[in-house]
Structure formats: C-alpha cells, structure tokens
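Please work from the sequences and hints to get the whole structure.
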Amino acid sequence: MRDHLVPIVMGLVAVGLFFAFPYDLAFLTRVLVTIVLVLSVDLVLGYAGIPTLGQAAMFGTGAYAAGLFAIHVWGDPLAGLVVGAVAGAAIALVSGLVLMRTRGLTVIMLTIAVAAILHEIANRARDLTGGADGLRGIRMQPVLGLWEFDFIGRTGYWYALVVVIVVYVGLSILTRSSFGLGLRGIHDSPERMRAIGAPVYWRLVTAYTIGGGIAGIAGALNAQITQLVSLEGFAFSLSAEALIMLILGGTGRLVGAVIGVALFMTVHHFAAANDPFNWLFVIGAMVLVVVFFLPQGIISLPGILLRHLRGGRDADRA
Amino acid sequence: MQTGLEVRGLSKNFGGLVVSEDISFDLPSGARKALIGPNGAGKSTFANLVTGILRPSSGTIRFDGSDIGHLDEAARVRLGIAKTFQVTTLFRRLTVRENLRLGIIERERRGFGLFRRADRDAAQEAEIDGLLSDFEMTDLADVPVENLAYGQQRLVELALTLSLKPRVLLLDEPAAGVPSSEVHLISDAIARLPEDLAVLIIEHDMDLVFRVATSIVVLVQGRILVEGTPAEVAADARVRELYLGGGHG
Ligand SMILES: Nc1ncnc2c1ncn2[C@@H]1O[C@H](COP(=O)(O)OP(=O)(O)O)[C@@H](O)[C@H]1O
Ligand SMILES: [Mg+2]
Chain A
547 MRDHLVPIVM GLVAVGLFFA FPYDLAFLTR VLVTIVLVLS VDLVLGYAGI PTLGQAAMFG
607 TGAYAAGLFA IHVWGDPLAG LVVGAVAGAA IALVSGLVLM RTRGLTVIML TIAVAAILHE
667 IANRARDLTG GADGLRGIRM QPVLGLWEFD FIGRTGYWYA LVVVIVVYVG LSILTRSSFG
727 LGLRGIHDSP ERMRAIGAPV YWRLVTAYTI GGGIAGIAGA LNAQITQLVS LEGFAFSLSA
787 EALIMLILGG TGRLVGAVIG VALFMTVHHF AAANDPFNWL FVIGAMVLVV VFFLPQGIIS
847 LPGILLRHLR GGRDADRA
Chain B
2 MQTGLEVRGL SKNFGGLVVS EDISFDLPSG ARKALIGPNG AGKSTFANLV TGILRPSSGT
62 IRFDGSDIGH LDEAARVRLG IAKTFQVTTL FRRLTVRENL RLGIIERERR GFGLFRRADR
122 DAAQEAEIDG LLSDFEMTDL ADVPVENLAY GQQRLVELAL TLSLKPRVLL LDEPAAGVPS
182 SEVHLISDAI ARLPEDLAVL IIEHDMDLVF RVATSIVVLV QGRILVEGTP AEVAADARVR
242 ELYLGGGHG
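Taken in order, these protein sequences are the chains called A and B.
Everything in the first sequence is counted per this note's numbering, starting at 547 for the first residue and increasing by one.
Everything in the second sequence is counted per this note's numbering, starting at 2 for the first residue and increasing by one.
Check the hints yourself; a few may be wrong.
[Stated by the list, open to error] Simulated restraints, written as ranges between beta carbons of each label pair: (1) B:Met207 / A:Leu643: 48 to 56 Å; (2) B:Gly17 / A:Leu651: 28 to 36 Å; (3) A:Ala678 / B:Ala123: 55 to 63 Å; (4) A:Asn820 / B:Glu147: 38 to 46 Å; (5) B:Arg118 / A:Phe573: 33 to 41 Å; (6) A:Leu651 / B:Gly41: 30 to 38 Å; (7) A:Asp570 / B:Arg110: 45 to 53 Å; (8) A:Trp693 / B:Ala123: 42 to 50 Å; (9) A:Ile850 / B:Ser182: 33 to 41 Å; (10) B:Glu137 / A:Phe573: 53 to 61 Å; (11) A:Ala572 / B:Arg94: 34 to 42 Å; (12) A:Val712 / B:Val19: 58 to 66 Å; (13) A:Leu643 / B:Arg56: 19 to 27 Å; (14) B:Arg56 / A:Trp693: 57 to 65 Å.
[To be verified] One-sided and incomplete, this derived list gives chain B residues near chain A with beta-carbon spacing under 8 Å: (15) Leu91; (16) Leu161; (17) Ala177.
Bear in mind the hints are in silico, worked out from the structure with no lab data behind them.
By construction, the Cβ of each residue, glycine as well, lies at the ideal position given by its N, Cα and C atoms.
Have a look at this one:
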C-alpha cells in the first residue's frame with residue numbers, strides 16, 4: 547500500500563483539480579501527458595544514467611504512429627496507445643543498439659541527432675504526415691467504446707489521468723525490481739556491474755527501449771487527445787524542457803518527475819499569462835536555485851528542512 | 002582436462018610499454034597463490050587480462066580446458082572468474098545491503114527480472130545477512146557505501162565479490178587501506194572459502210600473503226621472476242635483493 551501512496555495522492559489531487567478548474571482541462575491534460583514523457587526520461591536518465599536530450603524522438607514517433615493508425619486503421623484509443631508504445635520502443639531499440647555503445651557527450655549528441663533526423667523525415671514525408679501543417683483528421687472512437695471524447699476535454703482528462711497512473715505504477719514496479727536495482731547499479735558503476743557478470747549493454751538497451759515505449763505512449767496520448775500531430779513532437783525544445791522539469795523535481799525518483807512537471811508547467815502557465823516575454827526568466831531563476839541549492843531536486847526539500855529543524859532543536863538542547 | 006585457470010605466453014603492451022611479457026601460469030582449483038612484486042610490475046594488469054577487462058596482445062587463457070580469450074568480462078564472471086579491484090569500485094549511492102543484493106541477483110541470473118521486487122527473496126536476504134556478519138558490518142547494512150570509511154568500503158569490495166560465489170577468485174590488494182585491526186576479517190573470509198576454489202591474491206602485506214598462500218609468484222617488470230613455496234621464494238637471492246632494496250651497501 548505504501549508503495550502506491552504517490553499514485554493514490556496524485557489521483558486524488560487530479561480529481562480535486564478537475565472540479566476546481568473545470569475550464570482549464572486542456573492545460574491540466576497537457577500536464578498529465580507531459581508527466582508520462584518526463585517519467586520516461588526519469589527511467590532513462592534518472593535511473594539508468596543514460597544522458598539524453600532526445601526523448602522527443604520517441605514521443606514524436608508515438609504521436610505519428612498513433613495518429614496514422616487512427617486515421618488509416620482503427621480509431622480505438624487503447625489500440626492506438628499500444629501502437630504508439632510499440633513505435634516508440636522500436637525507434638528506441640534501433641537507435642539504442644548504436645547509442646548504448648557510446649558514452650557521455652557522444653550519447654547526448656546522438657540522441658539529439660536521432661530526434662532531428664526523425665523531425666526532418668516527418669517534415670519531408672508530407673503525403674504521409676502533412677509535413678509542417680501537421681497530421682490532421684484524427685477521429686478517435688470512444689474509450690473502451692463507452693466514453694466519447696468531448697469538446698470540453700473531460701474524457702481526455704480522465705483518460706490521460708488513468709494512463710499516467712498506470713504508467714506510474716508500472717514504473718514503480720519496474721524500478722523496484724531486480725532490473726531496476728541493476729539500472730541504479732549501472733548508473734553508479736558500469737565497471738562494477740560488468741565485474742559482477744551483468745551484460746551492461748543489453749541492460750541499457752532494454753531500459754532505453756522501455757523508456758522509448760513510455761515516451762511513445764505519451765506521444766500517442768497527445769495525438770489522440772488533441773487530435774493533431776505536429777512536427778513539434780520531435781522538437782529539441784521538448785526534450786530539453788522534459789529534462790529541465792525532471793531536474794527541477796529531482797532525478798532518480800518517480801515522484802520527482804511528477805513534481806517537476808507540475809511546478810514547471812504551472813509557473814509557465816501563470817508567468818506566461820502575466821508576461822509572455824519574460825516568463826523564461828522565472829523558469830531560469832528556478833532552475834538556478836535548484837541546481838545550486840537543491841541538487842537532488844525539489845523532492846529533497848522536505849528532507850533538508852526536516853534535518854535543519856532537527857538540527858536546530860538539537861542545538862537548542864545543547 | 003585440467004580444472005581451473007591456465008595462462009600461456011600472455012603478453013600485453015600499452016603502445017611501446019611492455020607491461021606483461023610471456024606470462025605462463027596455472028591456477029588450478031583449490032590453489033592458494035599469491036602474486037607479489039614491486040609497484041608497476043604489472044600485477045593488476047595481469048589480473049585485468051585474466052578477467053577480460055583488458056585484452057592481451059598475445060597469449061592464451063584457458064578455463065577448465067577451454068579457451069576463454071573471446072569472452073568479454075561479464076561472460077567470464079558468469080563462468081565463475083571474479084576479482085576485487087585495487088581501487089575500490091562499488092555502487093557508491095547504494096547501501097551495503099543493496100550492493101550485496103546486486104551480486105546475488107546477478108549470480109542467480111535474475112538481473113532481467115522486471116516485475117518482482119528485488120528485496121523480496123528470503124534466501125537472498127539471509128545470505129546477505131550472513132555476509133554482513135562475516136565482515137562485522139551488520140550495523141552498516143543500510144548505509145550508502147559512499148558514507149562508509151575507506152577501510153569498510155574495502156571489506157564491501159571483498160564481500161561483493163564473494164557474493165558471486167566464484168570458482169576463481171582474484172584479489173587485487175584487498176588489504177590496502179584496511180586498518181590493521183581489521184585485516185583478519187579478510188584472512189578469515191579467505192579461510193572460510195570452499196576448498197576447491199582457486200585463489201590468487203595480489204598483496205603487499207606479507208603477513209597476509211604468508212597466512213593465505215601456499216605458493217608465491219614474483220612478478221618483476223611484467224615477467225615472472227620466480228614461482229615457489231613461500232620458503233623457496235623467501236630464500237631466493239633475487240627476491241631478497243628486490244625486497245631488501247637496490248642498495249648493495
Ligand atoms: N591503461 C594503461 N595505459 C598505459 N599504461 C598502463 C595502463 N595500465 C597500467 N599501465 C602501466 O603498466 C604498468 C603496470 O601497471 P599495474 O599493472 O597497475 O602494476 P601493479 O599492479 O603491479 O602495481 C605501470 O607502469 C602502469 O603505469
Ligand atoms: Mg596494482
């Protein structure tokens with residue numbers, strides 16, 4: 547039960563937000579979709595220690611795959627999610643077979659390159675993808691044949707919430723498993739992992755593939771709910787923002803991804819509304835504060851405060 | 002067929018620097034050998050060649066009669082050839098318990114288990130408890146390794162390697178950095194090892210060497226100078242010269 551405290555709280559908060567902000571569902575849904583994407587970055591970067599600035603490659607692939615699937619094959623949302631996951635995982639697997647042979651900066655550069663190449667392919671293949679105009683004409687069938695996607699975005703919101711929670715629970719099982727412990731081991735010392743007999747390369751390829759599948763789900767979810775796929779799905783800024791959100795919240799813990807996204811997007815939402823030109827300064831300042839004062843992310847704040855309080859009390863007693 | 006390690010004509014050079022030269026060496030199962038020699042003699046390099054961290058320039062390495070030269074490091078570990086590192090190499094942010102847990106998980110080939118919680122295996126946790134008490138670290142089980150004193154990290158280094166239950170064990174200066182009051186934990190642990198295990202210990206602490214080894218190999222400038230019983234080696238004029246200093250008075 548304690549294991550699943552976070553998804554339960556997350557669900558309750560989401561229900562509360564639904565009733566508190568009934569006119570902001572589009573924004574709240576975007577937050578949920580982004581959480582799925584950032585969770586995938588957390589698995590890849592936070593747990594396995596694979597430096598990536600190209601998670602958009604799998605997000606965009608999942609989005610186009612789900613969009614095309616809905617248009618040409620079947621409008622069922624869950625089937626579309628599966629297609630998005632498989633497509634994202636496939637791209638991650640194929641690129642991962644090369645990427646995981648390299649290290650450090652090279653990995654970062656290659657992850658950026660993969661996303662850039664896919665961006666260009668999607669741009670050129672106008673007949674299939676709609677190019678810069680985006681992929682239009684996505685019509686989704688009701689979720690499970692029961693819930694029609696509505697104008698206000700209620701169905702989309704609940705649908706995204708369920709997907710987020712399922713992904714979160716899945717990842718918390720994965721990260722607590724032997725495989726998950728091994729990823730943390732690789733993050734700390736690939737040398738030692740090899741020296742205890744672990745096939746480090748295949749572990750990393752597997753982690754990258756799973757992360758790709760989850761990013762693909764995020765992309766598919768976005769395509770289905772917005773009924774639009776654009777080249778933005780492959781944009782470098784998407785990968786970079788996902789990374790910033792994760793660092794804000796705290797890497798290597800799933801709840802860090804959730805908190806980072808919520809914080810970043812909320813600040814963005816309000817700061818951009820107040821001052822469309824300077825909101826980036828707010829984000830920038832936030833990132834600086836976190837990087838310098840809370841290198842473990844916002845999630846480390848309660849622990850640090852607690853320690854200070856205790857320390858203070860001990861000092862009083864002394 | 003011979004069981005254990007069989008090294009023939011092993012050489013390694015880094016560019017122009019010859020670090021191992023034509024080393025032939027047997028480590029049959031049950032052996033307790035020590036590899037000694039001055040700093041820079043090529044002892045660690047030899048261990049790295051055997052475990053596959055480094056590739057030899059020439060020569061062969063056989064294990065239980067078959068050539069393992071083509072196998073990568075992890076594959077050799079899975080065959081049962083394990084080593085400790087001279088420079089402590091651990092999962093620093095994981096706790097002592099988690100370090101040992103990983104060793105057992107990999108030994109049992111459960112590292113791709115995606116669903117079951119890593120810490121929910123009674124036999125595995127009991128085995129960890131055993132290792133912890135062997136090294137008097139029960140109290141430190143849940144401390145991240147990076148927060149341990151260096152000497153304690155050295156003990157985790159050995160415990161982690163033992164958690165693999167290897168058949169060939171290479172120890173690269175296990176006692177270096179361990180307070181002398183705790184060195185006995187290392188020799189005790191070696192004494193408890195299964196008899197058929199093959200052990201090669203690289204060590205400068207001669208007390209430890211004499212306590213552990215029944216045979217000593219002296220390596221100088223990448224070549225084996227002499228191999229023999231501790232008494233033979235101690236009596237060898239060249240070794241005495243080496244260890245009693247270059248100054249001939
Ligand atoms: N990767 C490397 N590249 C170049 N030279 C190396 C490398 N590793 C070790 N050496 C050199 O090889 C020699 C033997 O080193 P090493 O095997 O660590 O000796 P020992 O363990 O006996 O002290 C040293 O001169 C060292 O500088
Ligand atoms: Mg050495």
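- So which hints don't hold here, by number, going up? Violated hint (a single one): 17; every other hint is consistent with the structure.
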